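Sequence lines, in order, name chains A and B.
All residue numbers for the first sequence refer to the working numbering, where the first residue is 1 and numbers rise by one.
All residue numbers for the second sequence refer to the working numbering, where the first residue is 261 and numbers rise by one.
It should be emphasised that the hints constitute simulated quantities derived from the structure, not laboratory data.
These numbers come from a predicted model, not from an experiment.
A virtual CB, placed ideally from N, CA and C, is assigned to each residue, including glycine.
Just to be clear, a hint being listed does not mean it is correct.
[Claimed, not checked] Straight-line alpha carbon distances no greater than 35 Å define the calculated DSBU-like cross-link-like pairs of lysine-lysine that follow: (1) B/K643 <-> A/K177; (2) A/K177 <-> B/K353; (3) A/K67 <-> B/K643; (4) B/K592 <-> A/K117.
[Stated by the list, open to error] Just some of the chain A residues that point at chain B, by a computed CB distance under 7 Å: (5) H65; (6) A68; (7) M69; (8) P71; (9) F237.
[As the list claims (entries may be wrong)] Here are some, though not all, of the chain B residues that point toward chain A, as calculated from beta-carbon distances under 10 Å: (10) S293; (11) A442; (12) S456; (13) A468; (14) T646.
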Amino acid sequence: MTSQMTSQMTSTESGRKIVRPYGDTTGDGMVQMSFTLPVPHDKRAEGAALQLAAKMGMDPAMLVHAKAMGPDFTFFVVYGQVTHLVDLAAVEVLEREYPLQTPREVNAQIKRLLRRKLVVLGACIGTDAHTVGIDAILNIKGFAGEKGLEYYREIKVVNLGAQVLVPELVALARAEKADAVLVSQVVTQRDAHLKNTREMSAAFRESYPSGQRPLLVVGGPRFDELATADLGVDRIFGRGTTPGEVASFLVHALAHRKDR
Amino acid sequence: MTGAKLDLDRATVRRARTLARRAGRPIVALATSHTTVSVERAVLRMAGVVGADPDGIPWVNRLVDAVSEEVGIEHGVALPVWDALRQFNGRGKQADLTELAQKASTGGVRFRVPDGREADRARAAARRQVGRGIAVIDRRRRERESLVRRIGDAPRQPWIYLIVATGDIYEDIPQAQAAARAGADVVAVIRSTGQSLLDYVPEGAPRAGYAGTYATQENFRLMRAALDDVSRELGRYVRLTNYASGLCMPEIATLAGLERLDMMLNDSMYGILFRDINPIRTFVDQRFSRQVHARAGIIINTGEDNYLTTADAVDEAHTVTVSQLLNEYFAKEAGLQDWQLGLGHAFEINPDVPDSFRLELAHAMLARELFPKAPLKWMPPTKHMTGDVFRGYLLDGFFNLVGAMTGQGILLVGMMTEAVVTPFLSDRDLALQNVRYVLDAAGNLHEDFHPRPGGFIQTRAHRVLDEAVELLERITDEPGDAALLSAIADGTFGLMKRPPDKGKGYDGVVRQAAGYYNPATDILEEPAP
Numbered sequence: 001m002t003s004q005m006t007s008q009m010t011s012t013e014s015g016r017k018i019v020r021p022y023g024d025t026t027g028d029g030m031v032q033m034s035f036t037l038p039v040p041h042d043k044r045a046e047g048a049a050l051q052l053a054a055k056m057g058m059d060p061a062m063l064v065h066a067k068a069m070g071p072d073f074t075f076f077v078v079y080g081q082v083t084h085l086v087d088l089a090a091v092e093v094l095e096r097e098y099p100l101q102t103p104r105e106v107n108a109q110i111k112r113l114l115r116r117k118l119v120v121l122g123a124c125i126g127t128d129a130h131t132v133g134i135d136a137i138l139n140i141k142g143f144a145g146e147k148g149l150e151y152y153r154e155i156k157v158v159n160l161g162a163q164v165l166v167p168e169l170v171a172l173a174r175a176e177k178a179d180a181v182l183v184s185q186v187v188t189q190r191d192a193h194l195k196n197t198r199e200m201s202a203a204f205r206e207s208y209p210s211g212q213r214p215l216l217v218v219g220g221p222r223f224d225e226l227a228t229a230d231l232g233v234d235r236i237f238g239r240g241t242t243p244g245e246v247a248s249f250l251v252h253a254l255a256h257r258k259d260r
Numbered sequence: 261m262t263g264a265k266l267d268l269d270r271a272t273v274r275r276a277r278t279l280a281r282r283a284g285r286p287i288v289a290l291a292t293s294h295t296t297v298s299v300e301r302a303v304l305r306m307a308g309v310v311g312a313d314p315d316g317i318p319w320v321n322r323l324v325d326a327v328s329e330e331v332g333i334e335h336g337v338a339l340p341v342w343d344a345l346r347q348f349n350g351r352g353k354q355a356d357l358t359e360l361a362q363k364a365s366t367g368g369v370r371f372r373v374p375d376g377r378e379a380d381r382a383r384a385a386a387r388r389q390v391g392r393g394i395a396v397i398d399r400r401r402r403e404r405e406s407l408v409r410r411i412g413d414a415p416r417q418p419w420i421y422l423i424v425a426t427g428d429i430y431e432d433i434p435q436a437q438a439a440a441r442a443g444a445d446v447v448a449v450i451r452s453t454g455q456s457l458l459d460y461v462p463e464g465a466p467r468a469g470y471a472g473t474y475a476t477q478e479n480f481r482l483m484r485a486a487l488d489d490v491s492r493e494l495g496r497y498v499r500l501t502n503y504a505s506g507l508c509m510p511e512i513a514t515l516a517g518l519e520r521l522d523m524m525l526n527d528s529m530y531g532i533l534f535r536d537i538n539p540i541r542t543f544v545d546q547r548f549s550r551q552v553h554a555r556a557g558i559i560i561n562t563g564e565d566n567y568l569t570t571a572d573a574v575d576e577a578h579t580v581t582v583s584q585l586l587n588e589y590f591a592k593e594a595g596l597q598d599w600q601l602g603l604g605h606a607f608e609i610n611p612d613v614p615d616s617f618r619l620e621l622a623h624a625m626l627a628r629e630l631f632p633k634a635p636l637k638w639m640p641p642t643k644h645m646t647g648d649v650f651r652g653y654l655l656d657g658f659f660n661l662v663g664a665m666t667g668q669g670i671l672l673v674g675m676m677t678e679a680v681v682t683p684f685l686s687d688r689d690l691a692l693q694n695v696r697y698v699l700d701a702a703g704n705l706h707e708d709f710h711p712r713p714g715g716f717i718q719t720r721a722h723r724v725l726d727e728a729v730e731l732l733e734r735i736t737d738e739p740g741d742a743a744l745l746s747a748i749a750d751g752t753f754g755l756m757k758r759p760p761d762k763g764k765g766y767d768g769v770v771r772q773a774a775g776y777y778n779p780a781t782d783i784l785e786e787p788a789p
């Protein structure tokens, strides 16, 4: 199902900021969505689609497209007004807790804090073979116009690539005296990304004295950035994260650690 | 599409092929002087060893391990195994190879490397039995040819290639049949991501793969049978694809031949670069697996699209050309014909780059003109699919248009939900509408489309070819007996450094001893009957 929301402020009362989706007029609440029902295409199928839209809070809903996909399925596109309101004051997100820094600033900070290079180990763990994310962060080539961590003079990057086993990762982190371990997880089937991450953080917990393990950072398109405690890691990065954000976080966390 | 539209310099094209041959030849010498555990296991699979022990380790692994421990595999397993079988049965038994493997795994069989008349006898028995397996592969090939004749073939090129991947073969089957009914000419069953690094082929029909379904002989059989049913229903033969790449290339190629798969992903360097599999292991396994594909009439798909997902698709366009030339050399050396070379390339240029569509056209036309008889495999955008499914749908439309304008042989259908979710039923349906619209609307546009002489497209294609030749020159200038190995170790490809004595599966590589015997290679290197 795809749905598209554009928002526009509509009212303010005692710190609450209420918005509704924006179609072409402030406050019209218009959204668009598409979905499939496992029924043959007929009048009843179209009624069923409208029933679903109504239950999802679309009132009125317009069925603008219905098409049979084989004998047993029908695809729908529905436009309509949602009755729901969004309270911006009640939205919870993780605001960036560290300042963004340039590569030059990051290098200077590392020099000051460590007086040696910062060692970063990167890998895709478990069965995940998708190195796109970890490569975007680590490779010199970088991502979104920012150079990857390999470009930072004061960072030593060891990119282990795909399908690294957790025990292997821990052993290499020890051998390399890693300050931070970056793990990318793209495959989410059967919650593999969560399972793998928990397994990884547990292995580091067991293998290092408390408070001495490297920083654990995971990234991937399907993580909840608020779930750090649950997954036992220091930071979670979502879709669109750039190398600069990761580098800035690492020096921030490092400084923070030293303070403690 | 016929006729040269790019006005490529013939001498440069010849030079590119000469360099690819020069780079490849020492690798072939390496492949013919080594063997691997997987090559030897494939020999046993051809001879009919099936099944696994209670831990799920196949008997072929147990038998090769047992031989390896006692006498090593440098003479090939055929001599010690058939020698042991004869002695075993000489005591009044009628055991088959699988029973011998079971016995051997508990230490109940003594292996030796026979010589003289006993070696002759073992060789003859091995050749007879492996020959029966290869005869099955031959029969499967004829069966395919006759099914295509009787049922009918895909109505046009490019063949429309769709992927299913649920992790469970019994879920894959209805999806694959639905894909075929919706217009797919080729169905690929994506493998469980972990499988390429397993040093054995799982048995049976395991139902819980990750991001894909385990490639097993039973799963091959189930899916081929299901597609045969739907082929008859639709009046066109629907082809089945799976993946050979990984640590078990020779064995998976064998199973694919035995179960009449039609296409196999089989790249010459993918395992090395993207899976960190040992280079020598890969090249030895690759050559054997391609010999089996050649015999089985299977079309290979190479993996050049992978280069462009990790590197920039404009700056590194020539690495695709170099890889295609190397893949072509290795494939032909292994006996594959032009019609079996699904050389890969992909639509991965950043859409924000000015003239990105013209660049894509230039690259796709270059591949077309360099390999005029090969059914090129055209891969859709993945790297620049952002999650904005609406923009992604447009991008896929332009991808399809390049496919139509440049006469691609196999078109992997792009999904607007690439990098978002496993495609919904509706995503697949919309994607096929996209393909059909473009092919119906512009399928014959190549008749009218001639890039301007000396214009943007021609100039770009010439430049990529020149850069490919330069890279091949750099590779062949590397030091050592096998310059390509040095180049791979240096990080020439995809920035990944892969030395020849590192990587997964290296402990399964052995230099052949004098008197090495492999009945499968023996038969496969004779002219086909």
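Earlier hints that do not hold, by number: When the structure is compared with the hints, numbers 2, 4, 5, 6, 8, 9 and 10 turn out to be violated.
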